[in-house]
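Residue numbers (the numbering used here), protein chains in the order written: chain A, 1 to 405; chain B, 1 to 374; chain C, 1 to 209.
Careful: at least some of the hints might be erroneous.
Stated by the list, open to error - Okay, derived cross-link-like pairs now, DSBU-like style, lysine-lysine, Cα gap no bigger than 30 angstroms in a straight line:
| hint | chain 1 | residue 1 | chain 2 | residue 2 |
| --- | --- | --- | --- | --- |
| 1 | A | K275 | B | K360 |
| 2 | A | K172 | A | K5 |
| 3 | B | K200 | C | K194 |
| 4 | B | K355 | C | K194 |
| 5 | C | K4 | A | K172 |
| 6 | C | K195 | C | K155 |
| 7 | A | K405 | A | K172 |
| 8 | A | K253 | A | K405 |
Simulated from the structure, these hints should not be mistaken for lab results.
Here's the letter readout for the chains.
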Amino acid sequence: MRRLKVFVSLIKDSLDVITRGSKKYHLWMGFLTLFMLIGMYCYSFQLDEGLSVTGMTDRVSWGLYISNFTFLVGVAAAAVMLVMPTYVLKDIDFKQAVLIGEGLAVAALIMCLAFVVADMGGPSVLWHMIPGIGVFNFPNSMLTWDVIVLNGYLFLNISIPFYILFRHYQGKKSKTSVYVPGALLSVFWAVAIHLVTAFLYQGLQARPFWNNALLGPRFLASAFAAGPALIIIILAIIRTNTAFKIDDKTIKKLALVVTVAAQINLIMLISELFKEFYAPTHHSESAYYLFFGLNGKTALLPWIWTSITLNVTATIILTFHKLRNNFKFLFFACFILFVAIWIEKGFGLIVPGFIPGPYGKIAEYTPTIIEIGVTLGIWSLGAFIFTMLAKTAIEIETGKLRYKK
Amino acid sequence: MSEKNKKWFSLNLNNNSNKTSTSCGCGKTSGGCKTHNQEELDENVFFNAAVDASVGEQRPKDGIDQVFDVKMDRRTAFKKLTASLLIGAGAVSTSCSTLASDESKEKAQIDWEEQFKGNYKLMSNEEKEATVTRLVRSYQLRTGKTLNMSSVDAQKDVLYGYAFNISKCQGYMDCVNACVEENNQDRNSQMQYIRIHEMKDGKGFNFNESDDNYYHEVPAEGHFYMGTQCFHCDNPPCVEVCPVQATWREDDGLVVVDYDWCVGCRYCMAACPYDGRRFNWSKPEVPEEQINKNQHYLGNRMRKKGVMEKCTFCVQRSRAGKNPACVEACPTGARIFGNLLDPNSTIRWVLENKKVFRLKEDLGTEPKFWYFMD
Amino acid sequence: MNNKNQGYIFFSFFLILVVALTSCKHEEGEYHSIIDKIKNKSKNYHGVTLSSESYLGDDKMIKITEDGHTFLIPERKGKLKSFKCSECHSKPLSQINDEDLKKAHWDIKIVHANEKTMNCLTCHNSNNMDELKSITGKSIDFNRSYNLCNQCHTKQFDDWKGGAHGKRIGGWAPPRASLSCVNCHNPHNPSFEKKWPERYNSQKTKERK
């Protein structure tokens with residue numbers, strides 16, 4: 001009963017915290033709300049007329065939505081890069097950033113779920129997937145594995161930080177016996193979510209561009225590069241705009257994580273390029289289309305080459321200690337790395353998997369305004385949720401928000 | 001049925017006295033449901049029919065208690081829960097409208113029940129017949145015409161196989177036309193299950209350079225033709241990946257889709273190596289006079305937007321002993337269809353005596369569609 | 001704490017192992033190839049109850065058995081417009097020319113092989129116009145005219161008997177009914193003209209949406 005009282009008070013106080021802030025904060029939230037409304041308006045078209053309002057066709061049946069979904073699963077998994085050092089390696093430098101990382105994971109996962117629902121042809125019958133009242137094709141379908149691991153990870157990332165914040169809100173210390181097992185589980189689970197998402201594509205023998213052994217490890221490497229890069233940028237913003245203290249050491253250690261992951265990612269890219277282009281087979285057609293264009297169809301060339309350039313630039317900048325420790329260079333490198341990996345995992349992976357089609361036909365994919373609108377709406381939703389969570393967490397962690405009996 | 005019973009299930013709070021109160025279940029604060037008085041008898045009959053349709057053999061005994069005291073396993077319990085949800089919610093939605101006619105109420109009830117039914121693969125025969133009845137009735141209410149929909153299961157000792165003679169195909173595309181007409185495919189997007197590829201002689205099976213959009217006199221000099229469609233694999237990758245088991249391989253070898261169960265995730269489309277599956281990106285439309293009214297639940301009945309569909313080897317025809325529309329329509333006899341288990345069938349003779357091959361054999365999908373040449 | 005942590009790690013590994021082992025996809029009774037499946041399942045083949053008898057329409061059929069294959073083909077003589085031939089061809093051709101009979105099929109051009117191989121008498125029996133004759137002079141009934149074709153086109157004949165050549169009518173269920181050679185090929189001009197396809201797909205150029 002008492003806990004319920006505290007919970008209700010926490011909700012009330014968080015609402016208080018969320019709705020109060022500086023002018024910048026209100027502008028930011030207003031901007032996000034505007035885009036969310038635009039997204040909802042675009043989605044209403046999609047509900048009305050069906051998915052024909054998007055650019056997807058029988059040939060390229062997964063597009064912008066699933067690209068973003070794939071990328072965001074990686075970002076969510078990257079929270080583990082903060083959790084693991086904190087709880088397993090007991091590195092206190094990371095302790096402050098953990099809650100922010102887990103909040104990012106929650107926001108990213110909600111975005112993932114939103115993208116999946118947006119991509120469905122029949123969102124009103126998604127209850128068909130619920131085991132018991134529907135049919136859940138586990139363990140055959142990798143999609144069901146993905147549903148389990150994503151929802152499990154979401155639950156872990158909501159419950160553990162919630163427990164910690166709940167205790168801190170009451171001015172009490174959180175018990176390690178409660179959250180450490182969960183944290184450890186979430187380390188394995190984070191690897192699992194991105195590996196399972198990779199297996200979704202890796203298991204399709206019909207798509208040779210995806211059907212290779214390196215896809216899963218590549219996903220992990222790029223996730224651990226892009227996710228912490230985003231966290232670095234977010235921590236920088238939080239540092240400058242709130243009273244939350246984050247040491248330089250934390251950011252520098254995170255930067256090291258990003259660097260190593262980015263280097264591994266590049267090595268994997270080189271391995272893939274070698275496999276496709278040293279002795280090209282019929283199965284290399286997709287890679288040809290992506291990197292060089294096929295039969296005059298070159299729509300993806302600017303995307304992938306921008307991505308590779310940014311990726312290589314960022315990795316080089318991060319490799320040099322002097323540049324990495326200079327925060328201006330670091331934030332720039334993180335930003336371009338994030339964009340590069342977003343392109344690479346989205347347009348550079350999902351779309352070329354479908355081109356050329358099963359009988360060699362090339363049909364190019366261009367997202368429509370509606371698709372872009374819904375995508376922006378969902379990204380705004382994620383940013384909105386993250387801001388709410390982060391603000392509350394910061395207020396509690398800095399001691400400003402406490403339970404008043 | 002007792003008065004008490006009716007009040008419970010149909011939320012028909014008998015307020016003859018206070019028509020303007022808010023005690024009606026539909027939530028109207030004024031006016032109330034004017035349908036209470038004149039429709040009491042019909043609701044009774046209607047309720048019985050609805051219970052019959054949803055709960056099937058478990059005929060309700062007199063009184064609520066006897067129904068609720070029955071011990072049952074979880075599956076039956078779920079069935080009954082769903083049934084009562086259907087009846088109750090449907091009754092709420094129908095009885096709370098003031099202006100709707102009997103027909104539209106029945107239609108609303110049917111739509112409600114259709115929304116919450118289960119996966120066809122798991123239905124008993126009575127449930128299958130019930131859903132077919134509902135669909136036929138729904139079409140009748142909407143258009144005034146009747147359909148002939150069947151839910152016949154796979155026969156024993158039947159495994160369908162298909163062979164395509166590349167030397168005989170001249171690219172006429174009679175098969176494509178017949179398929180579209182037989183299977184009520186969307187006319188707006190010109191959906192076709194069958195693709196005919198025109199390939200140049202001397203280059204082998206070079207699908208990359210084939211043309212499946214030709215429009216000139218056929219057969220063109222120096223070219224040959226071959227058709228592809230769903231190959232009804234015996235190890236179908238599409239069946240493996242469906243998260244809700246909306247697509248499965250029947251005992252007679254046909255890979256079918258339950259259109260009402262599909263959630264539209266399109267994972268199966270990504271998994272199919274043969275471009276066998278089609279998605280309804282928008283609402284499929286067929287002109288009324290061209291609708292083929294001989295339908296099968298798993299075959300050519302009208303689909304809705306956001307669901308997958310594919311060639312079913314014309315299940316509405318093949319399970320009645322007829323050839324699929326493409327086989328029937330081909331004037332050159334390039335398409336051969338039959339029962340692989342019958343040692344005297346033509347398809348078996350082809351497999352045993354002609355040099356047959358299948359596409360993308362290395363993928364391990366075991367398609368039941370062979371190609372051969374004279 | 002370390003022991004506890006280790007304990008948790010072990011437990012999670014064990015859990016993963018259990019999940020992985022119980023997720024095996026192969027079911028009982030699955031065959032690795034369709035040919036194995038066909039071989040195994042045909043062992044107990046009892047026949048089907050379906051029949052394509054009703055789909056044959058009103059056409060009269062005759063049953064033939066050639067080389068172990070038994071099937072129905074359409075009866076031919078009832079369909080020939082001018083059968084019996086002897087009603088007009090009672091006298092030799094040169095004598096009919098003078099009489100006042102109506103011209104029937106005087107303009108049949110033979111576009112079949114070449115002049116050295118084919119002329120009217122290759123198939124038609126001048127002594128009995130109601131029947132055809134083989135290369136060795138044996139008579140062949142019009143209902144069994146395929147016996148003429150198989151003298152040269154033995155490969156197509158073999159294919160036709162098996163079911164790989166020609167058009168099957170009715171349905172896939174037994175009894176098998178196929179069209180005979182002359183139902184598709186005009187024996188005087190057996191090849192087929194070019195024609196335009198039945199359909200143009202405007203949508204495929206845009207890719208179906």
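Hint check results:
no. : hint              : in the structure
1   : K275(A) / K360(B) : 21 angstroms, holds
2   : K172(A) / K5(A)   : 16 angstroms, holds
3   : K200(B) / K194(C) : 17 angstroms, holds
4   : K355(B) / K194(C) : 28 angstroms, holds
5   : K4(C) / K172(A)   : 23 angstroms, holds
6   : K195(C) / K155(C) : 27 angstroms, holds
7   : K405(A) / K172(A) : 14 angstroms, holds
8   : K253(A) / K405(A) : 40 angstroms, violated
In this structure, the one hint that does not hold is number 8.
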